[in-house]
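Could you put the whole structure together from the sequences, leaning on the hints where they help?
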Amino acid sequence: MPCRKTHRFWTTSSILLHSSKIRGNFRNFASQSVEPYKVIRRPYFQLILALLFISSVIDLHGQTMTTSTPSVKSETLIPKDAVTVFSLNNISLLQKISLDDLVRYEFMEEVQQELFDGSTTGKTLKDSGIDFDQKLNVFYGKGENYEVSGFTLGIKDKQDLFVVFDDFEQEIDLYPGVEFYSSYFNHLIIKGDAALLVRVEPTMEKIDEVTDSIWYSRGNENPYYNEGYDDFDEDGELLEGEFEFEETEAPAEESEEELLEEEDVEGILEEENLLEKNYYELRDSVQVMLEMEYLSALCEELFIGQINLVNSDARFAEQLTHTSEGIFYLDNSRNLQKAEGMWYMQTMFPSLLEDMKELYTGNVILGDLILNQESVEFKMEVCYGEKLGSIYQKMNDSKFDKDVLKYIHKDNTAFFSYNVNLREAYEQAYKVIMPILSSEKNSRMSANVLTIELLNEFINKDALFGTYKGSMFGTFNGIQKIKTTKIEYSYDEETYEYSEREVEAEEDMPIFTVGFSTERADIPEKVLNHLSRLTSRFKNMGTYWVCEKAILDAADLYMINANGLFIFTNDADLAMRHANGYGKEALAKKSAKRAKKSGFMYAHIDWARAIERFPRDFFSDRENEIIDAMRGKTGTMELTSSKTSKEKTNLSLVYNYQGVYDNSGKYLLDLLNSIYVISK
Amino acid sequence: MKFWTFSLLFFCVLSLSSCIELIDDIKINNDGSGTLKYTVNLSSSKVKVTSILALDSVNGIRVPSISELNERIADFQKKLDTKPGISNVTIESDFENFVFKLRCDFTSVTALQTAIKEVVRDELRDKNVPELDAIWLNWDGQKLVRSIPEISVKKTTEFQQEDIVLLKQGTYTSITRFERPVDHYDNPSAQISANKMNVMIKTNPHALSQNTSLLDNIIYLTPLK
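Line by line, the protein sequences are chains W and G. So for the first sequence, the working numbering puts the first residue at 1; every next one is plus one. So for the second sequence, the working numbering puts the first residue at 1; every next one is plus one.
Among the hints, a few may not be true.
One side only, chain G facing chain W, incomplete, derived with CB under 8 Å [to be verified]: (1) Ser51; (2) Leu55; (3) Ser57; (4) Glu96; (5) Leu102; (6) Arg103; (7) Asn198; (8) Met200.
Hint data in this document are derived by calculation from the structure and do not stem from the laboratory. In this text, all values refer to a predicted model and were calculated from it rather than measured experimentally. C-beta atoms are modelled at their ideal positions from N, C-alpha and C, and glycine is treated no differently.
Laid out in structure tokens, this is it:
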């Protein structure tokens, strides 16, 4: 394939030859810092974990910290390519718990050991040189050719910082006011009072592409070719009789000298040019080159072009102004563009890809983590473009089905409700997406469009969307004993001969209920009637249906088709005694109101009740100890959603805890510590 | 899948099951031939066993499908049936109730032991397992000496404490049958049937793992008439 090779060669050449003076310097920096043969990757990202623990940390009482505004803020070092960012607002966190309190927790010993590499005894987070007046930002991004990950932080004391980053060595400074340090795989770049710890990794596809290009341009054969290929037929099947080895006694060990005769060595030297890299060595070199190329580009963008995520995306910049303890940013539109498999669309349907990109433009999730007095709250804003928003809006414009509430017991452990209008969503999606698909001038796409249009004409949408409207609910009611059978042996006292018989038994099983709203109760009924004719396991019990031993070949599955709902459950009590709902035992009015008021989605979990209902037999002694430690320290979790507009939907996840704590930060740390102590 | 992977998985299943019943039943004829029956009953935990079989792996060990299990069982049966002195090997597998029954006839206890050792060795990667050389059945026409194969005890000690605790809830029944009455026996835990020709010991897998001599017994028979 000469054309492909030429193209690849050009790609490679352009990468290798496109080197400015700065890039030349960068080679020194990167090549010294990247040693591909060393597989030890020091887990600096443990530091992220360590610092995430600070998400409920640090009061400044008794500490001397600088109050002057840093000249460079940590967030300005976040690369533009970052797609996901979690930013901790230390300034707000500082109000929650003192650093002195934090370092006293047992789990912090391990965190600090990891931070200080065990080399500096007695050191704590307080001595890490990190400026807790600045935000700590953790980021990740995946581009077409490389992945970038790392975090940015403020620096209070550089000397102390290098006690943590003790295996970083200083490299040549490439940009004014910017210092470079490197370890095996990571690069620490300091500008002013802020630091960027970054790792740039080229994608495997890119490395392969460039390596293959160079390899073939040198006139080499397929690197994966070996003599064994001769033993396969045209279809790739192994030829009979080949690759069969007779088992022989292992030969007695011979000395290396005996094994490698002099003439053999000469033969090898004649056959192979030892000065030329083999495929894998070349691949490693390409990896190093690409890494420094991409790192160089990233640094030039950050330090010459002054381009970063904050000044590239106004939504992120706005999010950073929030005073919450942590913020979250995820650019889904870029995730879509760079998702694996998109290359197929790019090649086959380029204009369709462009339309899809447009459809996904503005698809960003923004979040806030808020630590309240007695709760932890995670607020999310799911943003999207107008076209996609119009579909979501239609889909979520659905009235809450009140009948659902009848089937949720007041003592439930967890439940959710999901209200969507599939019919409206379908019609709107048809309106928005079909013109995009139709505009694609491609025979395959035209055939697909025709199929969809014909289905749209022929299918009875009233029956389809009447049967499954899209709204559903589910409940979990803990673990209950269910009736099963077991084989029991009885022994004859005269001879000890034994006979077996089937007797009733009980086993634990999680009890769940899942149901969906329907306007066409007759259609599921038709299906069930038919199934009951096919197998005796399906039985009509009047107010409900039962499929015997449907779950794990042991438990019965019940189906209730009433009140505009079709319900599946393994709760015999619900099916046999409450087929029309729990009545007075149903969900309390206050809880029901909250579910009704929520937008398209609502969920509630009572962790305390769930933990109480965990069957001890299901867990090991150690797991039970952890569960015991969590008893009394758990609370409820509630997910609510707003009304969906064309621009966004808001979601809120609130964790309310029980017990007396100064604030949720301390509560979280206490819970973490309990689990750590028990599990270590 | 190799023997130990299966064994490990089997014991994972045991440890996750709240209850397992094992019955080993050996009949010794006067001429030293006999019949071995071995039953594994997991029916009281069938929901859990079914849920485990629905998983891809347990504790990092791949869970085989029922057809794979059937293949392995058939393979074991075939191998055992070809061993000298062993005949009529049958294995009944009830995957609805999870009851498995092995039955085979043997010409002598030596033939039985040799056959089992060879089949196990065949399945093992490490062919050099000295524990397999031990003799756990000895018959001289007048008395039978029984013990537990050392290798099974060795594997039990490798279990984690939490797994062993769960074995407490199971039962292990060992029955030895003869063609003539038993005169006396050494193990005080043993019981004799009303017709005096059968000896039974009941314990649980956990107790057995803690005290491997629980099933050790020397059974003396009345002289042949």
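Quick rundown of the hints versus the structure:
The interface hint given for Ser51 (chain G) holds, since its Cβ lies 6 Å from the closest Cβ of chain W, which is under the 8 Å cut-off. Of the supplied interface hints, the one on Leu55 (chain G) is violated, with its beta-carbon coming no nearer than about 12 Å to a beta-carbon of chain W, more than 8 Å. Restraint check, Ser57 (chain G) versus chain W: the minimum CB separation of about 17 Å is more than 8 Å; hint violated. Nearest Cβ of chain W to the Cβ of Glu96 (chain G): about 6 Å, under the 8 Å cut. The hint holds.
The beta carbon of Leu102 (chain G) comes no nearer than 15 Å to any beta carbon in chain W, farther than 8 Å, and the hint placing it at the interface is violated. The beta carbon of Arg103 (chain G) comes no nearer than 13 Å to any beta carbon in chain W, farther than 8 Å, and the hint placing it at the interface is violated. Taking 8 Å as the C-beta cut-off, the interface hint given for Asn198 (chain G) holds, the closest approach to chain W being about 4 Å. Among the interface hints, the one on Met200 (chain G) holds; its C-beta lies about 5 Å from the nearest C-beta in chain W, closer than the 8 Å criterion.
Hint violations for this structure: numbers 2, 3, 5, 6, all remaining hints satisfied.
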